[in-house]
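Visitor: Numbering-wise, the sequence shown is residues 1 to 450 according to UniProt numbering.
Hints are computed from structural coordinates only; laboratory data are not their basis.
Keep in mind that the hints are not guaranteed to be accurate.
[To be verified] Calculated cross-link-like contacts (lysine-lysine; reagent style BS3-like; alpha-carbon spacing at most 27 Å):
(1) 163 <-> 252
(2) 139 <-> 163
(3) 292 <-> 375
(4) 292 <-> 193
(5) 163 <-> 174
(6) 139 <-> 340
(7) 292 <-> 340
(8) 340 <-> 252
(9) 193 <-> 174
(10) 292 <-> 252
(11) 292 <-> 163
(12) 340 <-> 193
(13) 163 <-> 193
(14) 193 <-> 139
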Amino acid sequence: MTPKGSPRDLVSEKGPYLHEIPIDEDHDGKTTHSSGASVLSFNMDRNRKDKRGLTFREAPVPRPPTLSRTKTIQIPQSRPKPNHAYLYHLFDPVIEGLLWDYMREVLIVVMMLVVLMWAALPLYWGSLAPGLSHAPNFKAWVVDFDGGPLGALVTESVINSTKVGNRHLDWEVKPASQFSSMQNLAQQVLEEKAWAAITINPGASSTLYIARAYGDYTYDQTTAVTLYIEQARNENAVGQLITPIATELLDKTLREFNARDIAAYIRAIRAHPDAVETSLESPSALAGAWWKTINLRPWNAAVASPMTIIGQIYLTLFAFMLTVMSHRARQRLEAQLTYKSLVMLRIGLPLLAYIPISTSYAMLGLFFRAPFDAKFHSGAGFFVYVAYAYMDICALGLTCEAAMSILRPDHMTLFLVSWLVVNISTPIEPPEMQARWYRYAYGMPLWLFL
1 MTPKGSPRDL VSEKGPYLHE IPIDEDHDGK TTHSSGASVL SFNMDRNRKD KRGLTFREAP
61 VPRPPTLSRT KTIQIPQSRP KPNHAYLYHL FDPVIEGLLW DYMREVLIVV MMLVVLMWAA
121 LPLYWGSLAP GLSHAPNFKA WVVDFDGGPL GALVTESVIN STKVGNRHLD WEVKPASQFS
181 SMQNLAQQVL EEKAWAAITI NPGASSTLYI ARAYGDYTYD QTTAVTLYIE QARNENAVGQ
241 LITPIATELL DKTLREFNAR DIAAYIRAIR AHPDAVETSL ESPSALAGAW WKTINLRPWN
301 AAVASPMTII GQIYLTLFAF MLTVMSHRAR QRLEAQLTYK SLVMLRIGLP LLAYIPISTS
361 YAMLGLFFRA PFDAKFHSGA GFFVYVAYAY MDICALGLTC EAAMSILRPD HMTLFLVSWL
421 VVNISTPIEP PEMQARWYRY AYGMPLWLFL
């Protein structure tokens, strides 16, 4: 071995990315590369030293230059950092152009949001504005099963209410022969053939007069007239419009009837003291006829609200998120598919993905005891709800897929707001309670679902 640091030990090749690394020579004058490859180089100093040592000796046989192995290692350079990163303040002149570009983009977005606000939100505000002014659009029935004085007066009063102003329902007189029984009439109300029905029950007048004449203290004056409603059909319409108008009409009508009838009855029996004593034994009959309300399908499950109107917003958001994420995931795949294959992929895959989403969405109602047994058995009602939720999210989600093809991801958020407002403006109030052009609800997924 030669002393460390001699020229023989330091053989290097210089370049912009090469570093000098000394390698010690082994006993036979060679060095080994770490990868097994070797590089040969001449050592001229060693040759000159050997020649001076042969002064009185025979001339040595010429030897080839000594070769040694060296290696070079290329070390990757660190990536240079930008010279101007994170160096400027907000109002630095150097970045003034970039700042103005950013502010211009934000201003365009704000202007687009203002336009969207005035274009979309008035649609929702307007769906709730008319209220009582559209009460005559609600169909209701009045049926006289009595055929006596009470039935005639109530029927006449109800029809006369439609001739003044607009604080009345669209009352229609139905003949009693059209219904096989009171239960049949109630069933037709449940089938949404009418929003409400007033019935003057069979024998209402005669039962009242008999109870007065014989002093029947068991007489129930509320059996004379019945108001049938279905609150679950639309809680807002029934609770805010139909019930108040119908009850106000019945209250006024029966008070008028009782005032006339009781006065006539007292005039008829005042000459007969025994009849007066007998009638006093039935104070309810002496007070006159009255009415009661039968709510055929009450709205008594608060958990149904997030599953219906509010829940539709969640389903729309889930469908929208799936559309946007699917678009991002298939970017590299789209360029490899034919048009037909791409269309099949964009329709078929979401339809499969909506199955677990709609099933999971419906199962949330099980944990909070949603009334799936309101019309069917609880098990059948649950699967009917799953089917409805699936069809609903299919309509909402495939619309988002179609919009993605036109608007692309940059403007899909604007579409989402418009799609939500257009849908949510229709099911909160029924079409009868809104302006006529809100009848577009018949083509909206949320209205059809609810």
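Visitor: Would you mind marking each hint as holding or not holding in the structure?
Guide: Hints versus structure:
1. 163 <-> 252: 16 Å, holds
2. 139 <-> 163: 15 Å, holds
3. 292 <-> 375: It holds: about 24 Å lies between the C-alpha atoms, which stays within 27 Å.
4. 292 <-> 193: 21 Å, holds
5. 163 <-> 174: 18 Å, holds
6. 139 <-> 340: Roughly 49 Å separates the two Cα atoms, so the pair is violated.
7. 292 <-> 340: Given that 27 Å is the threshold and the Cα spacing comes to 63 Å, the pair is violated.
8. 340 <-> 252: Violated: residue 340 and residue 252 sit about 68 Å apart, past 27 Å.
9. 193 <-> 174: Holds - the C-alpha atoms of residue 174 and residue 193 are around 12 Å apart, at most 27 Å.
10. 292 <-> 252: Between residue 292 and residue 252 the Cα gap is close to 14 Å, so the pair holds against 27 Å.
11. 292 <-> 163: 25 Å, holds
12. 340 <-> 193: 46 Å, violated
13. 163 <-> 193: The hint holds at about 23 Å.
14. 193 <-> 139: Holds, at about 8 Å.
Going through the hint list in order, the structure does not satisfy hints 6, 7, 8, 12.
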